[in-house]
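Q: The listed protein sequences derive, respectively, from chains A and B.
Residues in the first sequence are numbered from 1 upward in steps of one, following this note's numbering.
Residues in the second sequence are numbered from 1001 upward in steps of one, following this note's numbering.
Simulated from the structure, these hints should not be mistaken for laboratory data.
It cannot be assumed that every hint is accurate.
Claimed, not checked - Covered stretches of chain B (in silico footprint by chain A; criterion: 3 or more residues with CB under 8 Å from a CB of chain A, positions within the stretch not fixed):
1) 1123-1137
2) 1235-1242
Unchecked claim - The list that follows gives simulated cross-link-like pairs (lysine to any residue, SDA-like), each with its CA atoms no further than 20 Å apart:
3) Lys1052(B) to His162(A)
4) Lys278(A) to Arg305(A)
5) Lys59(A) to Val1013(B)
6) Lys1048(B) to Lys54(A)
7) Lys161(A) to Tyr1051(B)
8) Lys1048(B) to Thr120(A)
9) Lys135(A) to Lys161(A)
10) Lys1048(B) to Arg136(A)
11) Lys1052(B) to Thr158(A)
12) Lys135(A) to Val1013(B)
13) Lys1219(B) to Phe1209(B)
14) Lys54(A) to Val1013(B)
15) Lys161(A) to Val1013(B)
Where is the CB? At the ideal position from N, CA and C, for every residue including glycine.
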Amino acid sequence: MSAGAIRARDLGKEYRIGSRRANYKTIRETVVDLAAAPYRRMMRRGKGASSDDKVWALKDVSFDVNAGEVVGVIGRNGAGKSTLLKILSRITEPTTGFAEIHGRVGSLLEVGTGFHEELTGRENLFLNGAILGMKRAEILRKFDEIVAFAEIDRFIDTPVKHYSTGMYLRLAFSVAAHLEPEILLVDEVLAVGDVTFQKKCLGKMEDVAKLGRTVLLVSHNMAAVRSLCTRGLVLDAGGLAVSGDIGSCVETYFKMIGAFQESPDPGIDRSGSAGFEKVTIFGKTSNAANTIQQSEPCEVSTVFRVARETSGFQLVCIVEDMQGRVVFRISHDSQSLGLSLESSQEYELRLGFPPLWLNAGLYSLHFRAFIWGDRSSPRYDSDKVPLDVAGGHSEVDSILHPEASWMMAPLRESAVQ
Amino acid sequence: MSAVPVPAIRHEVPIIHIRPSRGWASLRLDEVWAYRELLYFLIWRDVKLRYKQTALGAAWAILQPLMTMVVFTIFFGRLANIGSDGLPYPVFSYAGLLAWTFFADGLNKSSQSLVASSNLVRKIYFPRLVIPGASVFSGLVDFGVAFVFLFGLMAFYRIPPTISVFAFPLFLLLLVCLTLGVGLWLSALNVEYRDIRYVVPFFVQLWLFVTPVIYPASKVSAKLAEMGLPAWIYGLNPMAGVVEGFRWSLLGRGPRPGSMLLVSALVAMTLLITGAFYFRRMERTFADVV
């Protein structure tokens, strides 16, 4: 069954910006405006409507989401993700286009909306539940479950102003996590709380997805998006850039934000004399370039060209995660490769790796070379290529996900017969 | 054919249409009804916070009209000797203040309500009517407390309630409708024009002077008759009808409000209906502006 859950056509939202007019008006401005309106209309007749102080936060966005799909909405800040979610959750109206939603919608644009410092956890739980659209009976039924999930049983009758930030967020998310609409719209809520709780939230979201509910998730946490979503929508500058399978969407996004951008350092195109050519990564079993299983050996290959007379060079291979942290950095020099160096030489470079056991997700790989014997010892960087690792995924923030063999046996014979 | 009945649990899946709306929107009162529990919780929150954050709690509900009554009695009742339709001035003014306090508090709170709840408006969808609605209705709790005190005052001055007390719910309903009507106008205007925040206290103060709280309406109608104007003209201030209705139904004395009340009721209903439509029209931009 794949009935349509969301159908959006040409959705657009125009906002008024600019210093000439604030968002809200004062009566004086309105009076002045009214007086000036006929004159302004006359002035505009020739030029057409002015659009100097308007901006399209979203423009001509069309897509379909089937029931049961978990769709990740990704894009840079200001790309229109939140505007899209606000339109779909009916908080604001689109300026153009329309959307059709089949089913009840629960939206979670923020956790703890409507929480009040002076009220106790219990009171806030009921209030927040009602604000999110739960019925009183439903809240009563799930009360124990919500409190248990938030791990705040002892403090349920304490005003939330005495809560730690963690407790506050746990309670807030817990209420939201127990919403049961057919369609759930979620914005960035996974960015809250400590890592352990984030993991718990991810687990809860996975459960939601497994129940066959439709989820639209906006997040900057690409690892979470990749593990939860099946499809993606990439927004850029208010428009829909790509829609499709989540892996390619995440890759597009990273390309967009410059994670794989061509290096600014002198590279292959520097007079064509020296540097690296295209880098490719192949797993032993996979046939798609730059995609490997975490448990398989892989091979990285490229072509390196040395132009000038040199006594040797050093090669470095660097793998970084998407936060820019170095996962590893290994180097090798030309002497130990046993090369006889001549000028204008092209070399084929191959690196064989054992299974790397990287946590599933996206990484980037690039080469760097230092040429010896030169006054300036120039550095050459290859382009960064994506390294897409498939397989088991553990905690949000970990780098490795090795397979271990777990064994356990009692140390002594049990006393029980 | 099959022995096993197919359970027909699959309920109707609602289809939500999202598109830009133009012109005057319908009130969609069914939706407000669907969100009645939220209305209830917001009222409950307002009341709870009011009694939690203040040291005197429920006492405020009585103190405010009571202290006003004392000042009015000394200055207007005794010193200025304004007259009170033959009723003891304290009871006379308190009955009026009972209605007035609800009205003035309701306007002050509801006009600020949308801006004060901007975090809700920007993050969650629900019929926005619920917010000023909750501010107005939460005043009913204070009203209830102050109302009980009126009976103490009536017992003290030996004024027994008469059969007309059964008409009281109608006047209360009129008061609530009027407060809601004006509150809707002010709250929607306040989102668009932030001047309203400064205008409201001043506006409420002026309104008090044209309402027969301090003085009896009979004095005004007498003057109107001298000028050859019909008495119902005073009813164009809808609070005039409400306050006079309160006195007549609760204290059982004074003139029965007739044509004046009818005019007040018409004005109140007009304010409520136009207020609700204006609110709905402005509603779609609240989240962008607030």
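Q: Now look at each hint and say whether the structure bears it out.
A: How the hints compare with the structure:
| no. | hint | result |
| --- | --- | --- |
| 1 | 1123-1137 | holds (count 4) |
| 2 | 1235-1242 | violated (count 0) |
| 3 | Lys1052(B) to His162(A) | holds (15 Å) |
| 4 | Lys278(A) to Arg305(A) | holds (12 Å) |
| 5 | Lys59(A) to Val1013(B) | violated (29 Å) |
| 6 | Lys1048(B) to Lys54(A) | violated (43 Å) |
| 7 | Lys161(A) to Tyr1051(B) | holds (17 Å) |
| 8 | Lys1048(B) to Thr120(A) | holds (11 Å) |
| 9 | Lys135(A) to Lys161(A) | violated (26 Å) |
| 10 | Lys1048(B) to Arg136(A) | holds (18 Å) |
| 11 | Lys1052(B) to Thr158(A) | holds (13 Å) |
| 12 | Lys135(A) to Val1013(B) | holds (18 Å) |
| 13 | Lys1219(B) to Phe1209(B) | holds (14 Å) |
| 14 | Lys54(A) to Val1013(B) | violated (37 Å) |
| 15 | Lys161(A) to Val1013(B) | violated (40 Å) |
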